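Visitor: Okay, here's what each chain looks like letter by letter:
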Amino acid sequence: NAGVMQNPRHLVRRRGQEARLRCSPMKGHSHVYWYRQLPEEGLKFMVYLQKENIIDESGMPKERFSAEFPKEGPSILRIQQVVRGDSAAYFCASSPRWETYEQYFGPGTRLTVT
Amino acid sequence: AQSVTQLGSHVSVSEGALVLLRCNYSSSVPPYLFWYVQYPNQGLQLLLKYTTGATLVKGINGFEAEFKKSETSFHLTKPSAHMSDAAEYFCAVSSSGTGGFKTIFGAGTRLFVKA
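The listed protein sequences derive, respectively, from chains A and B.
For the first sequence, our numbering assigns the number 302 to the initial residue and increments by one for each residue that follows.
For the second sequence, our numbering assigns the number 4 to the initial residue and increments by one for each residue that follows.
Keep in mind that the hints were calculated from the coordinates and are not lab data.
Just so you know, these numbers come straight off a predicted model, no measurement behind them.
Check before you lean on any hint, since a few could be wrong.
[To be verified] With a Cα cut of at most 25 Å, we get these calculated DSS-like pairs of lysine-lysine: (1) A/Lys345 - B/Lys105; (2) A/Lys328 - A/Lys352; (3) A/Lys328 - B/Lys52; (4) A/Lys345 - A/Lys363; (5) A/Lys345 - B/Lys52; (6) A/Lys328 - B/Lys105; (7) B/Lys105 - B/Lys61; (8) B/Lys105 - A/Lys352; (9) A/Lys372 - B/Lys105; (10) B/Lys72 - B/Lys105; (11) B/Lys105 - A/Lys363; (12) B/Lys105 - B/Lys52.
Just chain A, same shape as in the assembly (with noise of 0.2 Å):
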């Protein structure tokens, strides 16, 4: 079973570029999680998931930044006109169900905003 995938792993973007992050949960997991990791810091929650529906998207800045999980494929970060604050470990876990707590994580992918 493979685990969650996340592509690309390093992305580097020039300021007012599109950043768009890939993620494809576990096989049978239906449920999405976005964390932003900046350097030297713990994770911060971002957005939670299910397919075609967001769930909670506190932690999403309210510019910028909209994550989608279509019914086909996998969820998307989009981050538009990416500035260097950007510049972070973006990681995506997945669960089976939304009552479980065990998260599944990804192994990242590494945003570089020049």
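Given chain A, work out where chain B should sit, using these hints.
Guide: Frame of chain A, contents of chain B only:
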């Protein structure tokens, strides 16, 4: 509101020595507590978790943690450190709400193991 405090951003031990990583939490509802390990350039791997029942929880790689409600603590220990234990460790707390659950992570403790 929930929060997690990890005491000590860096801990250094000698190989074979006791590992003790401290974690205190606050939660208005019964918490679910976790320890994760992160190796360089990798995602987080679950070490152990406490949900209900026995307060001493054993995890992978010889680690264990004890839930102490009176002290609001969930410290991680390992009797004898190995070089391969060098990594970053995160304590986390979760609780459920109407919209599922949210996990709050501590800032992490980087463990160094000296030969």
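Visitor: With reference to the structure, classify each hint as holding or not holding.
Guide: Tested hints:
1. With a CA separation close to 10 Å, the supplied pair A/Lys345 and B/Lys105 stays within the 25 Å bound.
2. Distance hint between A/Lys328 and A/Lys352 is fulfilled; the C-alpha atoms sit about 13 Å from each other, no more than 25 Å.
3. With a C-alpha separation of about 22 Å, the suggested pair A/Lys328 and B/Lys52 falls inside the 25 Å cut-off, and the hint holds.
4. Restraint check for A/Lys345 and A/Lys363: satisfied, since their Cα atoms lie roughly 15 Å apart, inside the 25 Å limit.
5. Taking the CA atoms of A/Lys345 and B/Lys52, the gap is about 19 Å. The hint holds against a cut of 25 Å.
6. With a C-alpha separation of about 22 Å, the suggested pair A/Lys328 and B/Lys105 falls inside the 25 Å cut-off, and the hint holds.
7. For the hint linking B/Lys105 to B/Lys61, the alpha-carbon distance of about 23 Å falls within 25 Å, and the restraint holds.
8. With a C-alpha separation of about 17 Å, the suggested pairing of B/Lys105 with A/Lys352 holds against the 25 Å cut-off.
9. The straight-line distance between the Cα atoms of A/Lys372 and B/Lys105 is roughly 23 Å, inside the 25 Å bound, and the hint therefore holds.
10. For the given pair, B/Lys72 sits about 20 Å from B/Lys105 by alpha-carbon distance, which is consistent with the 25 Å threshold.
11. Among the hinted pairs, B/Lys105 with A/Lys363 is consistent with the structure: their alpha-carbon atoms are about 19 Å apart, no more than 25 Å.
12. Straight-line distance between C-alpha atoms of B/Lys105 and B/Lys52 comes to about 15 Å, which keeps the hinted pair within the 25 Å bound.
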